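In case you want the letters, here they are:
Number of protein chains: 2
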Amino acid sequence: MTDRLNSQDGPLEHLIRLLGGLPGLGNRSARRIALHLLSKRSALMVPLAAALQQAAENIKDCSTCGNLDVIDPCAICRDETRDNSKICIVAQVSDVWAIERTGAYRGRYHVLGGLLSALDGIGPQDLRIESLITRIETAQTRPDEIILALSATVDGQSTAHYIADRLLSSGISVTRLAHGVPVGGELDYLDDGTITTALKSRSAAA
Amino acid sequence: MTDRLNSQDGPLEHLIRLLGGLPGLGNRSARRIALHLLSKRSALMVPLAAALQQAAENIKDCSTCGNLDVIDPCAICRDETRDNSKICIVAQVSDVWAIERTGAYRGRYHVLGGLLSALDGIGPQDLRIESLITRIETAQTRPDEIILALSATVDGQSTAHYIADRLLSSGISVTRLAHGVPVGGELDYLDDGTITTALKSRSAAA
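Each protein sequence line maps, in turn, to chains A and B.
Going by our numbering, the first residue of the first sequence is number 430, and it counts up by one from there.
Going by our numbering, the first residue of the second sequence is number 430, and it counts up by one from there.
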């Protein structure tokens, strides 16, 4: 493509190649973004470069829960007002953000950093599972509930099973998110598995 | 969203806000990209920051044609093997890239930097039109054809009309791209305007 314009790989081609490798972006959107940035060099491009550099330098993984923050332990782990008796297990930092946006949970988190996957060759040693066990064993206030907020996929459910198994002997109650009809969801558009699960888990109408 | 995690606007929120303002990206895709970058800090995030900084510093607008390159005049304007008798007028640098990808054109370019638009308040003085006139008048080899490769939209066509008018007295032949059925296009999916134009401009079957 742009290699017609310059005999070697210039800074523009290099930038477009890096941008095009980001999730959700391809060659075309990367070119569009690069041109947009070059049209706003001082207002957008230089600040973005600085923001990337600054984030790369300052944002750390929380050594307790695996969340991302500028401080370690992270703001959630430091927050004295949160409930130490509950730990919510999630796969990714984005799941922490999703649950935090709801404002419905005030306990602690533990980010696994992925899900067990036989296909992708991801085993328990690749995830933050040992650190979860150690965290529970050494906690000053022992949690009384572990909430498995993992995806309702094969990988998510096998990870949930594995963690529930590991925690069996601890006597801590292990729960998982309810499966059912999404709020606002229309039955007609739902898959059979969800409708079956929602039927089985039906509750008394208020 | 993430402002629940930190009381002030931290480097992560700042980065996500900047990324979310790029064309084609929203809040959700910006969060996804930020997390992806943070998971590959040294392999991807720092190089991307450096590439942005380097591109911002080194890439210039070509003072002759308006193309982007690390040298001024740009590689296309410097290329002695190209045909000086043709100048192809395009709206954006991405249009230069699109035409260069075809390999079907070996003349010069002139990038307007946009299109005339009454709605957006973009007049002739906002585009590289005067510099086009000056370029043609002062050229050592006077071009004998100006190709208007502008979009087949209202703005594109009014810009084409304006430039054709300005060049009327020069006696240079002004051409525009053919309108018709795209190669590989199915008639059934084409709009009426394109089919009408293609019918009117029909040519003898080979």
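Source of the hints: derived by calculation from the structure; they are not laboratory data.
Predicted, not measured: the structure shown is a model, and the values here were computed from it.
Treat the hints with care, as some may be off.
Since copy identity is lost for identical chains, a pair holds within one copy or between any two.
[Claimed, not checked] Listed next, the in silico EDC-like pairs over lysine to aspartate or glutamate satisfying Cα-Cα at most 16 Å (straight line):
#, residue 1, residue 2
1, Lys515, Asp501
2, Lys515, Asp438
3, Lys489, Glu574
4, Lys629, Asp512
5, Lys469, Glu486
6, Lys629, Glu529
7, Lys469, Glu559
8, Lys469, Asp594
9, Lys629, Asp555
10, Lys515, Asp617
11, Lys489, Asp501
12, Lys515, Glu574
13, Lys515, Glu529
14, Lys469, Glu615
15, Lys469, Asp490
16, Lys489, Asp594
17, Lys515, Asp573
Checked hints:
1. Lys515 with Asp501: Neither. Shortest intra-copy (20 Å) and inter-copy (62 Å) distances fail the 16 Å Cα cut-off.
2. Lys515 with Asp438: neither (53 Å within a copy, 27 Å between copies)
3. Lys489 with Glu574: Intra 27 Å, inter 59 Å, cutoff 16 Å: neither.
4. Lys629 with Asp512: This pair counts as neither: shortest intra-copy Cα distance 31 Å, inter-copy 74 Å.
5. Lys469 with Glu486: The answer is between: 12 Å across copies meets 16 Å, while 25 Å in one copy does not.
6. Lys629 with Glu529: The answer is neither: 29 Å in one copy and 61 Å across copies each exceed 16 Å.
7. Lys469 with Glu559: neither (47 Å within a copy, 23 Å between copies)
8. Lys469 with Asp594: neither (54 Å within a copy, 32 Å between copies)
9. Lys629 with Asp555: neither (35 Å within a copy, 65 Å between copies)
10. Lys515 with Asp617: For Lys515 and Asp617, neither the intra-copy (36 Å) nor the inter-copy (59 Å) Cα distance is at most 16 Å.
11. Lys489 with Asp501: Intra 7 Å, inter 42 Å, cutoff 16 Å: intra-copy only.
12. Lys515 with Glu574: within (5 Å within a copy, 75 Å between copies)
13. Lys515 with Glu529: For Lys515 and Glu529, the Cα distance is within 16 Å only inside one copy (14 Å; across copies 60 Å).
14. Lys469 with Glu615: Cα proximity of Lys469 and Glu615: none, with 44 Å in one copy and 39 Å across.
15. Lys469 with Asp490: Classified as between; 12 Å across copies, 32 Å inside a copy.
16. Lys489 with Asp594: neither (30 Å within a copy, 60 Å between copies)
17. Lys515 with Asp573: Cα proximity of Lys515 and Asp573: one copy only (6 Å, versus 78 Å across).
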